[in-house]
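Construct all of the structure, not just a fragment, from the sequences and the given hints.
For the record, in the sequence shown the residue sitting at position 125 is 125 according to this note's numbering, with numbers rising by one throughout.
Be aware that one or more of the hints could be misleading.
Taking CB as the label site, the calculated pair distances span [as the list claims (entries may be wrong)]:
id : residue 1 : residue 2 : range
1  : Pro174    : Leu12     : 34 to 44 Å
2  : Met123    : Ile42     : 34 to 44 Å
3  : Leu50     : Met113    : 16 to 26 Å
Here are the simulated lysine to any residue pairs, SDA-like style, with alpha carbons at most 20 Å apart [said to hold, decoys possible]:
id : residue 1 : residue 2
4  : Lys160    : Arg86
5  : Lys160    : Ile136
6  : Lys160    : Ala125
7  : Lys109    : Lys160
These aren't lab readings, by the way, just hints derived from the structure by calculation.
Cβ atoms here follow ideal geometry from the backbone N, Cα and C, with glycine treated the same way.
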Amino acid sequence: MIRSRFPEQQSLQHVPTIMAILGLVMAANKDWLSPVSFACLIGFLWLHLLGARYLYSYVPYDDWSLQLLGFSLSDQMGWQRNHYERLVHFCFGALCLVPVCEIAYRRGKNLRMAILLCFCVVMAASALYEIFEWLISICMAPRNAEYYNGQQGDFWDAQKDMVLALAGCLLVIPLTPWLCRRCSDGLPRRNA
1 MIRSRFPEQQ SLQHVPTIMA ILGLVMAANK DWLSPVSFAC LIGFLWLHLL GARYLYSYVP
61 YDDWSLQLLG FSLSDQMGWQ RNHYERLVHF CFGALCLVPV CEIAYRRGKN LRMAILLCFC
121 VVMAASALYE IFEWLISICM APRNAEYYNG QQGDFWDAQK DMVLALAGCL LVIPLTPWLC
181 RRCSDGLPRR NA
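This is the structure:
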C-alpha cells in the first residue's frame, strides 16, 4: 500500500493530472498525436505523478540515489534544497514542445512557424502555471501553499522554473524539424 505523506494536499496536486489524463484519452481516440508525442506527454505526466505523490519538495531522489549509486545527489552537487520540481519544469519545456509542434505542423503551419508557435505556447503555459501557483499561495494558508508550489524559501522560484522550461525547450528545438516530420509521417495534415 502506498501511503502519502500529505494526503490532504493530494487533491490539489491531482486536479491537473485528471485534466491531463482526460485530454490524453481524447487525443488518443481522435488520433491527434503520434506515438512519439503521446510518449512525451505520458513521460511528463509520469514525472508529475511522482512529484504529486510525494509533493514536489519531498521527492526522495537522494534516498534513491543512495540505494542505487551509493551517494546522495544533493551532497555531490552541493544542493541545499530538493530540486525535483526544477527537473519537472525543465522536462515540461523539453517534453511538451514536440506534441505542440506536431499539432501545429499537422494543422498546416510551416515548420518554422510551428516551432515558433510551440515555443510561445510552452512558455505561455509555464508563465500561466507560475501565476496559478502564486494565486494558490495568496488564497491558501501559507503552510498549504508551500506544500503545493514547492518554493522552498526561494524568492526567485517562479523565474527559475520558467528559465528551466525555456532551457528544456531550447534543448529540443534543434531536433524538432526531424521529430515533427517523422512523427507526422502517415498522419493527416491540413493545408494552411
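Structure-based check of each hint:
The given range of 34 to 44 Å is respected by proline 174 and leucine 12, whose C-beta atoms sit roughly 36 Å from each other. Range check, methionine 123 to isoleucine 42: about 22 Å between beta-carbon atoms, so the 34 to 44 Å window is missed. At roughly 35 Å, the beta-carbon separation of leucine 50 and methionine 113 lies outside the given 16 to 26 Å, and the hint is violated. Using a Cα cut-off of 20 Å, the hinted pair lysine 160 and arginine 86 holds, with the two alpha carbons roughly 8 Å apart.
At most 20 Å may separate the alpha-carbon atoms for a hinted pair to count; lysine 160 and isoleucine 136 meet this at roughly 18 Å. Restraint check for lysine 160 and alanine 125: the C-alpha separation of about 15 Å stays at or below 20 Å, so the hint holds. As the CA atoms of lysine 109 and lysine 160 are separated by approximately 31 Å, the hinted pair breaks the 20 Å bound.
Checked against the numbered hints listed earlier, the structure breaks hints 2, 3, 7; every other hint is satisfied.
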